[in-house]
Structure formats: structure tokens, C-alpha cells
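Peer 1: Letter by letter, the chains look like this.
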Amino acid sequence: MTVMEQQGAGHAARTAPPPAWQPSTDPAPLLPDAEPYRVLGTPAAAHTDPALLRRLHAEVVRGRRYNTQATALTKQGRLAVYPSSTGQEACQVAAALALGERDWLFPSYRDTLAAVARGLDPVEALTLLRGDWHTGYDPREHRIAPLCTPLATQLPHAVGLAHAARLKGDDVVALALVGDGGTSEGDFHEALNFAAVWSAPVVFLVQNNGFAISVPLAKQTAAPTLAHKAVGYGMPGRLVDGNDAVAVHEVLGEAVTRAREGGGPTLIEALTYRLDAHTNADDATRYRTDDEVEAWRAHDPVLLLERELTARGLIDEAGLKAVRDDAEARAADLRERMNQDPELEPMDLFADVYAERTSQLREQAAQLRAELDAEAEAEAQAADGAEGGRA
Amino acid sequence: MTVMEQQGAGHAARTAPPPAWQPSTDPAPLLPDAEPYRVLGTPAAAHTDPALLRRLHAEVVRGRRYNTQATALTKQGRLAVYPSSTGQEACQVAAALALGERDWLFPSYRDTLAAVARGLDPVEALTLLRGDWHTGYDPREHRIAPLCTPLATQLPHAVGLAHAARLKGDDVVALALVGDGGTSEGDFHEALNFAAVWSAPVVFLVQNNGFAISVPLAKQTAAPTLAHKAVGYGMPGRLVDGNDAVAVHEVLGEAVTRAREGGGPTLIEALTYRLDAHTNADDATRYRTDDEVEAWRAHDPVLLLERELTARGLIDEAGLKAVRDDAEARAADLRERMNQDPELEPMDLFADVYAERTSQLREQAAQLRAELDAEAEAEAQAADGAEGGRA
Amino acid sequence: MTTVAAKPATMAQALGRALRDAMAEDPTVHVMGEDVGTLGGVFRVTDGLAKEFGDDRCTDTPLAEAGILGTAVGMAMYGLRPVVEMQFDAFAYPAFEQLVSHVARMRNRTRGAMALPLTVRIPYGGGIGGVEHHSDSSEAYYMATPGLTVVTPATVADAYGLLRQSIASDDPVVFLEPKRLYWSKDSWNPEHPLDVDPIGTAVVRRAGTSATLITYGPSLPVCLEAAEAGRAEGWDLEVVDLRSLVPFDDATVAASVRRTGRAVVVHESGGFGGPGGEIAARVTERCFHHLEAPVLRVAGFDIPYPPPMLERHHLPGVDRVLDAVGRLQWDQ
Amino acid sequence: MTTVAAKPATMAQALGRALRDAMAEDPTVHVMGEDVGTLGGVFRVTDGLAKEFGDDRCTDTPLAEAGILGTAVGMAMYGLRPVVEMQFDAFAYPAFEQLVSHVARMRNRTRGAMALPLTVRIPYGGGIGGVEHHSDSSEAYYMATPGLTVVTPATVADAYGLLRQSIASDDPVVFLEPKRLYWSKDSWNPEHPLDVDPIGTAVVRRAGTSATLITYGPSLPVCLEAAEAGRAEGWDLEVVDLRSLVPFDDATVAASVRRTGRAVVVHESGGFGGPGGEIAARVTERCFHHLEAPVLRVAGFDIPYPPPMLERHHLPGVDRVLDAVGRLQWDQ
Ligand SMILES: Cc1ncc(C[n+]2csc(CCOP(=O)(O)OP(=O)(O)O)c2C)c(N)n1
Ligand SMILES: Cc1ncc(C[n+]2csc(CCOP(=O)(O)OP(=O)(O)O)c2C)c(N)n1
Ligand SMILES: [Mg+2]
Ligand SMILES: [Mg+2]
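Chains as they are written, first to last, in my numbering: chain A, 1 to 391; chain B, 1 to 391; chain C, 1 to 332; chain D, 1 to 332.
Bound-form chain A, shown alone (with noise of 0.2 Å):
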């Protein structure tokens, strides 16, 4: 049958296309406000319960000193590398506070406060960056993944664990935290994009604080805002003010328990600065101003919440006094544990490659033990003072 056949002159009728190819969804609630959200310095706050006002002090400044005290190891060569959250702790709180005991975290190499805050020793947190053996603690008795430190990789395991939870019944939810630049990596991609076709209860959260190392966000995207990245994905997007810890904290909280409560995942955008160099390698001083750090000074997490304290009368200076001293207790301690020299063993660079080592990892370890024992021995010989040898 041809057209012709069809029908006669006049206007074609209309035909389109069945229904499944049509938007299915209506985009208007995925998108994120035009202004991030924030509660401290708004009428808002003064609804904000003091207890959790308190709680999140005594944690954001607990953090800037442990940010503080992890620099200062790297100076007495106790860190190998320390990327510091100093600026971000509002977020590395909020992200800590936001989990119950089931939920998981997923931190990328910044992120180790974010571990602490959810009870990890900060020893154990520091493991990998003190150059010791990896992770230092076991992610499944803590619920916290490794750090991450090729970008955005982390994001697809949150997901895949997030759906894996949920298959068996657990009301298990993950947050990942991810940086501006992580944004870029196809990763992010493929793991929102997986987690919203899954509906899987898992939470992102982009701590953007401006910069991928030296390079600043305008170089990073041209988006409008990062959350705006959510409505491609078919999930709600969320804007906050990253160091307003109280609007990190609420944003979180309900982000948490959409997932929990079977509402799939949700892309949330942290406006912040890390106030430091990108680690203590870096030198910050190469791509950006003083300026626009002391502009940000102005706009500190830990000032944020002092501020409304003290407005509201809920704190005074013995108040304040006590919190820096629980901070200097903990600095104190993992000073002290941190510059004990960790235990080494170098056999243990074969013992998990495999479950079971190969007869290549055996020979291997053999050829180890044998150069370490005669390293043992001309240590000894040397130490009699009889002439050492090569091993």
C-alpha cells in the first residue's frame, strides 16, 4: 500500500511517535534552586536545634584541628601526604553526622576527616597517607570504603553496594563524596547514571570547593551549577552552602532518608574552599590570590557556627574554651601515637595479593626473607665490629 493509496490530498495528519520515547518525567522538582541553600545567618537559624548546633561545633572545630595537626606531621615527616580539608569541614561533618550505623561512606584522599567524624581512629584514618600499609582499618567492621584516589571510581562501588544492600532487604544507605573536578571523570557519569536507573539509595555529594589542584571550576564545566548535572540523570539535584554546617547537615539528612525510604539517589553540590594548598606539596600561592582566601576567612565553617551561637547565646567563652581544648586533647593524642614509628613488616608485601600465594609470590618472598636475613646479619657482624660484606 502506498501513501497514495493512503489518503488524499489536502494536510498530512498528524502521526507520532508510541509513548515510550516520549520525556517521561517532568523535570521542574530535579532541579536544583538557583540559590544554595543555607540556614546559618538566616532567620531560618534561629529554628535550629542548640544541641545540634553544639554537636556540629564541637565537630567542625575538632576537624580544623585535626586538619591543622595532619599538616604539621607532614612537616615532621610523619605523613607522606596530607590533602587537607581545612575550609571543608562543615561538609566532612555533615557527610559523617547525615549516616546511621548501617550506612556506608565512601571518602575520596580528602575525605579522611569525614572518617574521623564518623568514629574511625584518625591513626587508622591516616594509615595509607602516613605511607604504611593500606587503609589501616577494615572498611567492613567500619562501613567506611577505603580512600579513594583515582577520581570519581569510588562513585560506581557506592552504587553497586547501595544496590546490593537493597536487593537483600538491608535499609542500607551510601554516601560517596566526590571534588569539583571528580565531576569531570567518566566515572561520575556512569555511576549517577547507574544508580538513578537502579533507584539505588545512594547519596553524592560534591564538595566544590573551586579548584581540581590548580585548576579552577570555570576551566572544570560550564554548567550552570554542578547539581544541575542531576535532571540528566533523572534525579534531584540540591544546592548548598557548603560551609553553612547546619544546611549541609538538613540538605544531607534528607537526601539520606529519600534513599532510605526507597526514593533513589540524589546529587547534592557543596559550594566551599579549602582553605589550605591542595596538599602540603602544593603551592597554592600559583593560582590563586590571597584576596580570594581571605574572602573565604570571612565565610569559615567554624566562624559560621560561632557566630550563631554566640548570637543566640547558646555558647560563652568558657563554652568556647572547653570545645578547643577537646580539640587539643585529640591533636595531643594523635601526635603522640602518629610519630611512634609503625610497626613494619616487609614480608607482608606478598601476604594479600591472593588469598593463597602463587608458587611465583613464594619464590619471591623466599628471595625477600633470604636478602633480609643476610641484611640482618651483616647488620650484626657490623654491629661486632668484624667486617661486613656484601649480603
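Worth flagging that the hints you see were computed from the coordinates, not collected in a lab. Hints should not be assumed to be uniformly reliable.
[As the list claims (entries may be wrong)] Below, simulated EDC-like cross-link-like pairs (lysine to aspartate or glutamate); rule was C-alpha separation at most 20 Å, straight line:
1) B:K168 - D:D55
2) C:K51 - B:D283
3) B:K168 - D:E52
4) D:K7 - D:D186
5) A:K168 - C:D56
6) A:K168 - C:D26
[Unchecked claim] Quick list of the computed label-pair ranges, beta carbon to beta carbon:
7) D:D319 - A:G253: 32 to 42 Å
8) D:K51 - A:G313: 36 to 46 Å
9) D:K51 - A:Q381: 48 to 58 Å
10) B:D290 - C:D26: 34 to 44 Å
11) B:D384 - D:E292: 20 to 30 Å
12) A:E345 - D:E292: 31 to 41 Å
13) A:E377 - D:R206: 23 to 33 Å
14) D:P198 - B:Q367: 17 to 27 Å
15) D:G234 - B:Q367: 38 to 48 Å
16) C:D319 - B:N339: 23 to 33 Å
17) A:Q381 - D:A229: 41 to 51 Å
18) D:G234 - A:A380: 25 to 35 Å
19) D:E292 - A:D348: 35 to 45 Å
Idealized CB from N, CA, C, for every residue including glycine.
Please build the complex by placing chains B, C and D with the ligands on the supplied structure of chain A, with the hints as guidance.
Peer 2: Frame of chain A; chains B, C and D with the ligands shown alone:
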């Protein structure tokens, strides 16, 4: 200076992050319309230039015949595989026509028709799928990148090429084609992001045919539409009826012009359907119903054009026949030329791995040469009735 | 190990059966990948699994290999045993970072606290007339990545048994399926299908005295055929099937070469930087004074995999294997 | 080739100078990567380039390695000569598919019509106390990929000369920069900086008669030191610096081993499936009857690269090299 010193009691003053971290663009203009753009079958069709309608019709009919011919060639063993674009001819043709002489086309494996409609000899376009030496044509001569099989990997190439052209001051636009499934790959994300950040003159056309082999769109994405992904990169997204050649042509034309004038990239989602199986090797009955296929046949791109031409009295039976005869003649020519055995030179295996053969490749080439000579000799001996042994 | 002649099946069927049995026995086994559900996979290996076990156990994922493997990592972190299908060898490359930086290292990174019991099935190699990117042999990449177990069956019985063992392994396994053997048929014993040697054990598929052909996967049938043809030249060739590249069975391979005094490594993967170099080097290290000639290699050429019309010139065939055997300095 | 003693410079400086000179001479040379602009790269190799040539010639890209390499492919298709920096070895893995499926094959796929003159600079190897993922040796992956040229300098003069040659090459080059030699200082001749042997040529860095140490990149200084230390044991060791793994200079290497009759391959990359297997195998194929002992290998262990506190146990050092030399069957 502590906070206490800075201020007295009362409500904390509001501070905000410095402007660089604020949302920079209004997302509204980036969002696609809720309904796919259509011309054919709507009152707007009345204003379409008759010459354009005729041109599109002739090309789409040719395209359909090309598709059936190529599929037939797989049955005769003349093509190793053919991923048909039957049903998607409107997109293929519009993509070719949207581009100027110096613009570049970046096709996937399914887009040989777009290359042919752009003027490439169909035998050259099919060289790779024939199982012969790759590409078959000089990409620079035709400004058609090699057919790309690894999904979405050609998209960053298109961005890089468009960017390079702009840096050189050439007003070249690159048009990259990808499927709905391909949008899930990391390379899609990275390419769109680079394009937007660089404001590269590139247009992305997603042919959303509802399936990635057997996987339906609902398992691929939860987004309102694929065009909504655009906003996450800061580029406009457009949604169009991909079986409406006039609409696709218009939307592509606008995007190409915008890119050429320095307006940056556009993401276009064209809603379409492949009426054939994924390739000749696929069995589409495993994952879709006849009803669905029939529903789409009623929205066939050929039909839509013929209905419009007929309705406006722009074509008669003789005109239709002329178009079909032309398509038939081209198909016959293709069939005839594809039925000739291509000339194959096994030694070409080593010709283009590097500009200059390594000593290793020279040795390997010598080995193959010796084997081929021995084979030829053995065949000659066998033909002479002599006893041939192992070479 | 001998296969009790019973029901003949193709390798693809045996693999499908292995997946089914593993899923039936262990509810933590999940199959995931592109087109593995409704379609049953492009090679139909997963046919019927979604129907029998539901979409949640056999899942058509979005089209993104890093995402597939990355989410599988997360699932394994939570205690599942994901079995991932990569559609073709070259389409596993997008997941390379996940494989090398996470899959291979998670156990080590966590001092054994968090092993990843996941299997990545990759159809590999050529000989099926595939166009570009459909015939890569990528085993060299996986071999060079500590933490991965690399398994490849060459027989129908091994396809079943080794896949079951791989899924049961607490370590991540790259399970390489020789595409051109998918349709190879053999009798095997469905009553005792697990009755094959463990991963890490090479098997002498044909005993011989003149020289050893060391091979695996798609090249095993070629070597067996070459060994038969070699009898006409007066050679009695031994054929060793490696079965896994990691762990590598040095003992079996070296014992064979010490017996025969000569060896040729045969594989389809490119020669330069391919598995053969490693194998030849370690055999030589272990058998130097037993060798009458250098260990030779017959491999694919060092070129991108050729198009269907030329692949026969690339693939190591019987003649090329016997030519190499002929160069093992028989006169000395 | 001798380097006229002149201005001493670090390897990082020589590399930066090579980039600068290439950009100055050829306007189609573009540098791109993460932090290569304002910051000058995390190793400061690209310091000053953005200032001198502008952001369009030295570009801070978005953070996405597949995107960086993929867009570089497109730029090369249009006639530019991109020089891509990957920040660390392990962060090149996201670009693996682009590298293997496109960069390595574009010339072949287009029958030579579209070559890709691009250079991928990758800082590689350990010894700098880097945490996880910052010390990988990934050369085995690139060696096994036909179509790639794989270059690695070990001296300051070669850093300059080989990088210039790589950028000038019409084929894609993976240019591996030994991280721990970035700060190595040497005199070189800035007047004739290009006066080094071409890519594909191995160089005897120290002549000797007892055995040949075959090495490259970060292990060259170790081998030279071992050769000096070996004098005390009565060995006069020859040291060959490969300079490029692809093309591989069979002639120079085999000639040396035929002279000395013994060889040890030394590299930092893992042994199993690493470059050493290939090298040992091909040396043995070519020199079998000249060899007094099997070619031995000293390599990193077959483990994920260890953390800073343990890396000294992993890295091949002088003692391990001399131990291997000692096992070259001197009594026979
Ligand atoms: C895949 C990958 N590429 C590159 C790097 C090197 N690198 C480490 S941190 C960093 C910048 C990350 O920026 P962002 O995501 O914004 O996080 P931030 O450091 O600001 O917290 C880069 C490029 C990496 N770790 N992983
Ligand atoms: C990286 C990669 N993964 C998998 C494949 C195998 N494959 C070929 S086509 C296809 C489906 C693509 O679907 P879509 O993008 O919607 O394009 P369509 O075929 O519908 O035109 C798949 C999975 C591939 N070519 N590349
Ligand atoms: Mg950042
Ligand atoms: Mg599709």
C-alpha cells in the same frame, strides 16, 4: 580575633560565598521543550520549501533502498555484518545535509548512510563492514571520520577536531552521531563537558532508537529525556522527532549555524526507531513485539515525507516512481560492485602499523612472504599434477 | 583428569550451564552486563538466566563497562559474587582503570579484610570473522596485573569446571572465553562437571617425547592438530594446556620441557610483549641445561587484529607451528 | 654519541626545555593536560609554557583522561601535534580504551591516510615515596599494543633529545618519564641538544666483557652503579640502555650479549608479564649458542606497588642486580 570580639549578641549576619562559586547561568534556555519538535503533519509543514521536501524525500528513499540492499548483501556473504539504519533514514540524511563542504562528520557503525548521503561512494563506506581493509576512504578527503565501533569514543575526537579548527581560525563544524545506549558511556560525558568548556563548534546528535541491541531505554536512563543531559554541561538540549526529516534538518541546521557562529555546542536528541534488527546477526524478536514495530511503521520517515508531498500536491505517482527508480539504480550499482571480490594483499598487514616498519615487523613480513610464496608454489605444483608437500 | 564421555555440548552451553548451576547453588551469585538478560548475551551464554532467576540476579545494565565493573566491585564489597560479562574483548578496555586500580588491588589494600570475589567474563581472540575491535587478544594486559587470576578454558569440560571454580574463588578472576571455541562440541560429564583440575594447574593434553607445545585457549586445538600432523615428520609432540596464565603452573611446564628438551609456545595474541615472552623466559630460566634449542614462539603478528578477509594469515595455524618445531635445531 | 659537557640541568628542566623549543619551532605543537598551565604541572615540567605561548597552546583541561586523550586524537586528526601529560602513571588508565582502540590504530585503520602525531607523556615508576597509584610501572601494557612507539629516557640529554624526536614523530608515542630521575642532574649540550641517537636505538652506556645488563629508564643508574660495584667481584659488566621498548633494538642488544655470553635484564616493573620476559625471550632466540647461562631477570615483585615505607624492598637495587649476576653460572 575571635568571633566573640567581632560581634555582640543578636542574630548572626549573613555572609555568602564569593561570587565565583555562585550559579553562573540561567538553566531555562538550555532545557529542551517538553514535546519533541515536529514539522511534518503540522501546520508549519505548509511553509517548508518544496525543493527541500523533494530533496529530503529523494534522499530518504535512496537511503531506505541502500539499507535493504546492504542487508541483502550480508545474506550473500558480501558483507561481514550490517547494522541497518532502516527507520532512521531521516536522521541520517538530515545529518549529511546539515553540513557544509568543510565540516566534519563523525559516524558510528550504524551511520554509513549518513556518509553516503554526504557523497561518499557506498562501496567505500561499506569497506570495513565488508571485512576488507579498514575505513576504505581517506577521512581527510571526505571530512568523514572512520566509522567508529567502540561506543561514544568518537565524540571526544569530534570535540578535539572542532576545537583545533577553531584555534586555526577555520569555520569548521563537527557533527558527531551516537546512539541512546552510547550516552551511558563515560566518553559521552567527557566529550560533552570538554565541548562546553571549550565552547567548541560541535553538534551532538543522539539517535534514540529506543534500544541498545536488546536493552530498552528504560534500563539505560531515568532522565526526563536524553536531551536534558545538556543542561549539566551548560549547553542547550533539543528534542526532535527523528523520523521527521524536515524537523531534524531544521534543528540540526540551527545548531550547526550556532556552532559556526561561535555559539558553542548543542545536544540534540532525535526520537526514532530501527525497524530492522540490531544487525543481520541479531534476532530482534527476542526483545520486542511485532506490535511495537508496527506502531513505528505507521510513523516511518518515508511515509511522513510522502504524505506531506502528496498532501501538498508536490508529487504524483510518476514523481514517486522516478525517485524509486533512481534509488533502485543506485542499489543495483552497489550490488554489482560489491559482488566483485575485493583485491586483497596480505602483505598489507604490515604496511601501516607505523610510518616505518620496525625490524620486528620486517622479520614478520618476510616470514609471511615466504609462506605465501611456498603456498603459491605448492598450488602451482598441485595444478601441474605434481605432488605437493607441506610448504 | 579425563572427561567421561557423556552428553555432548558446545562450550557456550557448558558456560551457560555453569552460570546456571552456580546461581542455583549460591544466591549471592549475580550475572550482569550488556544484553545478558532478555537477549541471553550476544553469544547466548546467559540464555534463560533472567527468566529463571529474575532481572535482579541476571541484569541488563546500562551501556558502560567501567560502570558495570565498578558497580560489581561495590556489590562484591557487600558480599555478593558478581559475574560480569564484557561483550567483546576490546569493550573491556573502558573498565581498565577499575580492573587495575581496584579489582586487582582491593584485597591487598585492605590487608585481606575485603576480598573481591568477582568474575569478569571476556570473550577473546579471533577466527570468527569479526570486524574491528571484535577479535582482540588482551591477555597480556591482565597477566601483567598482579592481583588478578587469569583463566582460559580450551575444552568444554574445562569451560564448565573452570568457570565454576572462578565464581567460587575468593579472588577476582578474569575469565577469558575463546570465541572461536564457543561452538566447539565435546562430550562431558554433567554428573561430575566439577571434576577438572584446579585453577593453576596445567594439563598435558597429549604426551610426547620430541618437543613440548605450550599453549592455551583458542590455540589448543591448533596444537593438537599440529601434533598429529607432526607424526608424518617423525615428531612425537607433547602438548601442554596452561588453563590459567595466573597462577602459572611452572612445575608442569618445566617438567615437560625437561623431558622433551625442546619447546614452542603457541598463542594467538601478538608476540611482542605477549604471554609467550614470559613463558619462554621462565621455561628457559628453569630448563636451560635441558634445552637443545631456544624456546621458540608462534604468535599473532605485532599488528592490530586484521579484518575478516585477512585474518587467516595472522592466526597461528598448523603449518606455522610445525615450521617452528622444524627450527628447533634437530641436527645438533 | 657523547654529550658535550655544558650547562648542567635536571631531567625535568630538560623535558620542559624540549617542550618549549618544540612549541617555538612548530606552531602545531600543543601541550594539554591537568594542571599543565598555571601550575606548570605537578612536576613543573610545563612551567612557563602557558605564559609564553598562551592558554590555547598549553591548556589546563577538564579532569578526565579519556577526554584529554580523545580530544587530542581529534586535534591530531586536524593536523595539530598534541603533547598530552598524564599526571601519574595510574591516572593514564582511564584513557586506555582511547589509547589502544584509537591512538594505536588510526594509521592502520586508514591505510596510512590519517596518522596521529601525538605524544603522551607519562611520569612512571616509583622511588619517590608516593602513595597508592602514584608509582606504577605500566610499560608492559603499552609494549603489548602494536601501533604505539614506547620511549623512555634515562639521561638528561636523552630526555631532551628523545622528547623532541617523539614530538616530531608522525606516529603516536608513549613517552615514559622516570619520576625518580626528574631531579637527576647532568651536563648536556644545549647547543646541540638534538644530538642523541634516534628512537629505536639502544646505547651501550658502559662497555664490559663479563655479562650484559639490559635496562632502561629508572634502572639505568642502578645498573651503572652495579657495574662499578661489580668490579670488586671481578666482573666487567656491560650496560645497555634500551631507550625505547618499541621499536626494540634487537641488533645492539644481541650483539652485546653475543660478546659477553651472559645477560641480566633489569627493570622496576613487575616481573611476571613484564618487559623482561619479552627481552629475555628474544635475546635467547637470537643468542642461544652464545649463552653460558640463561638470561636472568631482576624486576619488581609481582605485587601492587608497595607503600612508601616498604618500597625499598621492592625496587631492584644494586645488591639484587649483583646477586643475579652471581647466578650466571660462572663455574661452568
Ligand atoms: C583519575 C585521576 N586523575 C588524576 C588524579 C590526580 N589528582 C589528584 S587530586 C586532583 C584534583 C582533584 O580535584 P577535585 O575533584 O576538585 O577534588 P579536591 O582535590 O579539590 O578535593 C588530581 C588531578 C587522580 N587522583 N585520579
Ligand atoms: C564500548 C563498547 N561497548 C560495547 C559495544 C558493543 N555494542 C555494539 S552496538 C551496542 C548497542 C549500542 O546501542 P546504541 O548506542 O543505542 O546504538 P544503536 O545500535 O541503537 O544505534 C553494543 C552494546 C561497543 N561497540 N562498544
Ligand atoms: Mg576541588
Ligand atoms: Mg539505540
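Peer 1: All hints are to be evaluated individually against the structure, with a verdict given for each.
Peer 2: Against the structure, the hints come out as follows:
no.	hint	in the structure
1	B:K168 - D:D55	holds, 14 Å
2	C:K51 - B:D283	holds, 18 Å
3	B:K168 - D:E52	holds, 18 Å
4	D:K7 - D:D186	holds, 8 Å
5	A:K168 - C:D56	holds, 11 Å
6	A:K168 - C:D26	holds, 14 Å
7	D:D319 - A:G253: 32 to 42 Å	violated, 58 Å
8	D:K51 - A:G313: 36 to 46 Å	violated, 53 Å
9	D:K51 - A:Q381: 48 to 58 Å	holds, 57 Å
10	B:D290 - C:D26: 34 to 44 Å	holds, 38 Å
11	B:D384 - D:E292: 20 to 30 Å	violated, 50 Å
12	A:E345 - D:E292: 31 to 41 Å	holds, 38 Å
13	A:E377 - D:R206: 23 to 33 Å	holds, 31 Å
14	D:P198 - B:Q367: 17 to 27 Å	holds, 26 Å
15	D:G234 - B:Q367: 38 to 48 Å	holds, 42 Å
16	C:D319 - B:N339: 23 to 33 Å	holds, 31 Å
17	A:Q381 - D:A229: 41 to 51 Å	violated, 19 Å
18	D:G234 - A:A380: 25 to 35 Å	holds, 27 Å
19	D:E292 - A:D348: 35 to 45 Å	holds, 37 Å
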